[in-house]
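Number of protein chains: 2
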Amino acid sequence: MASGHEHTVKAFDQDISQLRALISQMGGLAEQAIYDAMKALQRGDEALARTVRKKDKQIDAMEAELEKLVVRVIALRAPMADDLREVIAALKIAAVIERIGDYAKNIAKRVPMIHAEGEERIEAVSILPAMGQLAADMVRNALDAFSARDAKAAAEVHASDTALDDFYDSIFRTLVTFMVENPRTISQVAHLLFVAKNLERIGDHATNVAEMVYFAATGHYLAEAEAGESSGS
Amino acid sequence: MASGHEHTVKAFDQDISQLRALISQMGGLAEQAIYDAMKALQRGDEALARTVRKKDKQIDAMEAELEKLVVRVIALRAPMADDLREVIAALKIAAVIERIGDYAKNIAKRVPMIHAEGEERIEAVSILPAMGQLAADMVRNALDAFSARDAKAAAEVHASDTALDDFYDSIFRTLVTFMVENPRTISQVAHLLFVAKNLERIGDHATNVAEMVYFAATGHYLAEAEAGESSGS
Chain V
1 MASGHEHTVK
11 AFDQDISQLR
21 ALISQMGGLA
31 EQAIYDAMKA
41 LQRGDEALAR
51 TVRKKDKQID
61 AMEAELEKLV
71 VRVIALRAPM
81 ADDLREVIAA
91 LKIAAVIERI
101 GDYAKNIAKR
111 VPMIHAEGEE
121 RIEAVSILPA
131 MGQLAADMVR
141 NALDAFSARD
151 AKAAAEVHAS
161 DTALDDFYDS
171 IFRTLVTFMV
181 ENPRTISQVA
191 HLLFVAKNLE
201 RIGDHATNVA
211 EMVYFAATGH
221 YLAEAEAGES
231 SGS
Chain U
1 MASGHEHTVK
11 AFDQDISQLR
21 ALISQMGGLA
31 EQAIYDAMKA
41 LQRGDEALAR
51 TVRKKDKQID
61 AMEAELEKLV
71 VRVIALRAPM
81 ADDLREVIAA
91 LKIAAVIERI
101 GDYAKNIAKR
111 VPMIHAEGEE
121 RIEAVSILPA
131 MGQLAADMVR
141 NALDAFSARD
151 AKAAAEVHAS
161 DTALDDFYDS
171 IFRTLVTFMV
181 ENPRTISQVA
191 HLLFVAKNLE
201 RIGDHATNVA
211 EMVYFAATGH
221 YLAEAEAGES
231 SGS
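Chains as they are written, first to last, in full-length UniProt numbering: chain V, 1 to 233; chain U, 1 to 233.
The following block holds chain V by itself, in its conformation from the complex:
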């Protein structure tokens, strides 16, 4: 009996490793998608933007794969308590990464509209990549914290969301001012507002992952502050 139980435990550990490996892979793709989308935006590189959109299907397919794996693991291993919660957490984190991929894809979709032929160059574009970098870093750090079950690293991701929100507020004001001064660019700059908003949302999602990691590791919630909320602008 004992060896039978051990066998199940080992099989379950392998399942969990497989779930974590899938999440890590998905996270890597999502992070790359953010970088590439911002690069495409900065350079007006429509081919790269198309690649980002195509690759998003890979992330979606991996989420579907992970979901099937979760159903199989639960059905075969009947995990209890903490183990079951860990499996459910994997499902939730995969859903968050899928959504981050969608935001990157959405940024990529706006590249042709921001760089429309004959339109003037928007200097404001140049301030966005730094925000993209910060958002991508948060995603990587949140997933690293997940891999390492590191509550301290998770708390740091949570803290950096405030910086990203401030960044967003500043960019929002910059873009609005730019529109006021250059009314002919309003349509293009409106797309940049959405790009900034997407980056801010990516940060919120990374923060949600960090909160899950922190709670799983400590049993406590990370601050009462509503980190998942944008600052409103």
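Among the hints, a few may not be true.
[Stated by the list, open to error] Partner residues are not named here, just some residues of chain U that face chain V (Cβ under 7 Å, in silico):
(1) Ala75
(2) Ala89
(3) Ile186
(4) Ser187
[As the list claims (entries may be wrong)] In the DSS-like style, the derived pairs of lysine-lysine whose C-alpha atoms are separated by at most 27 Å in a straight line are:
(5) U/Lys197 <-> V/Lys57
(6) V/Lys68 <-> V/Lys10
(7) U/Lys57 <-> U/Lys68
(8) V/Lys152 <-> V/Lys92
(9) U/Lys197 <-> V/Lys55
(10) U/Lys92 <-> V/Lys57
(11) U/Lys39 <-> U/Lys54
(12) U/Lys10 <-> U/Lys55
(13) U/Lys197 <-> V/Lys39
(14) V/Lys68 <-> U/Lys92
(15) U/Lys57 <-> V/Lys197
(16) V/Lys197 <-> U/Lys197
(17) V/Lys10 <-> V/Lys55
(18) U/Lys197 <-> V/Lys68
Treat the hints as calculated values from the structure; they're not laboratory data. Don't be surprised by glycine CBs; every beta carbon is placed ideally from N, CA and C.
Once you've looked at the hints, dock chain U against the given chain V.
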């Protein structure tokens, strides 16, 4: 043995009913949040906007409750195959409703910024409630389709997403034109752009629910068309 099995089946059916009742309640709250947020926006009613923000915590709490129930159901009943998939679907749909609630809350948060003191009245505000109505209808219809496991109704929700996307594109152009003609309103109208985008995203989420319902009922995917994507503007 047979009666023991029957007992488990009956208990599981009760669990599923409870999950569905929770989802139905959450959906009702989310739908109401959309209506109230749009009413607050139209009237500049900041007290109502605050109520929408407060009530969102109720939706969040219900999602957490549902998640606990799901973990309990899986641990106690060890559901197999279709039953397990139904439990997982409930978890996913609850997450979608929670997100819809967030979008409504986000609209409510913009009310004070759109109706800032001394700012001029934006006529464009008056075209948004019709879009809000369409989005809220999609949410209700998607959840009704879920309750009734009605594939046909789910397909109709999926089809109406195109109308909502068209609505969004039209409002986007209207708002941009308005900004060009009234540069002093740009900051306020930028918030309206986000409101329109939030409504469009609510429709995407309702469509995702409809797709899950359709797949659960028929075993087929609803169209290859990327209904979950916005039109890009």
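The hints, checked one at a time:
1. Annotation: interface hint on U/Ala75 holds; nearest CB of chain V at approximately 6 Å, less than 7 Å.
2. Taken as an interface hint, U/Ala89 does not check out: its beta carbon lies about 10 Å from the nearest beta carbon of chain V, beyond 7 Å.
3. Annotation: interface hint on U/Ile186 holds; nearest CB of chain V at approximately 5 Å, less than 7 Å.
4. A distance limit of 7 Å between C-beta atoms decides the matter here; for U/Ser187 the minimum to chain V is near 5 Å, and the interface restraint holds.
5. In summary, the hint linking U/Lys197 to V/Lys57 is supported, as the alpha carbons are separated by about 23 Å, within the 27 Å threshold.
6. Proximity of V/Lys68 to V/Lys10 is assessed by CA-CA distance (about 20 Å); at most 27 Å being required, the pair is judged to hold.
7. Taking the CA atoms of U/Lys57 and U/Lys68, the gap is near 17 Å; set against the 27 Å cutoff, the hint holds.
8. At roughly 21 Å between alpha-carbon atoms, V/Lys152 and V/Lys92 fall within 27 Å of each other, so this suggested pair holds.
9. For the proposed pair U/Lys197 and V/Lys55, the alpha carbon gap of about 24 Å is at most 27 Å, so the pair holds.
10. A C-alpha spacing of about 19 Å is found between U/Lys92 and V/Lys57, which places the hinted pair at or below 27 Å, so the restraint holds.
11. Between the alpha carbons of U/Lys39 and U/Lys54 the distance comes to roughly 16 Å, so the proposed pair stays at or under 27 Å and holds.
12. The hinted pair formed by U/Lys10 and U/Lys55 fails the criterion: a straight-line CA distance of about 34 Å is larger than 27 Å.
13. With a C-alpha separation of about 24 Å, the suggested pairing of U/Lys197 with V/Lys39 holds against the 27 Å cut-off.
14. Taking the CA atoms of V/Lys68 and U/Lys92, the gap is about 13 Å. The hint holds against a cut of 27 Å.
15. Annotation: proposed proximity of U/Lys57 to V/Lys197 holds, straight-line Cα distance about 23 Å (limit 27 Å).
16. Note on V/Lys197 and U/Lys197: the hinted pairing holds, with a Cα-Cα distance of about 11 Å set against a maximum of 27 Å.
17. Between the alpha carbons of V/Lys10 and V/Lys55 the distance comes to roughly 34 Å, so the proposed pair goes past 27 Å and is violated.
18. Between U/Lys197 and V/Lys68 the alpha-carbon distance is near 32 Å, which puts this suggested pair outside the 27 Å criterion.
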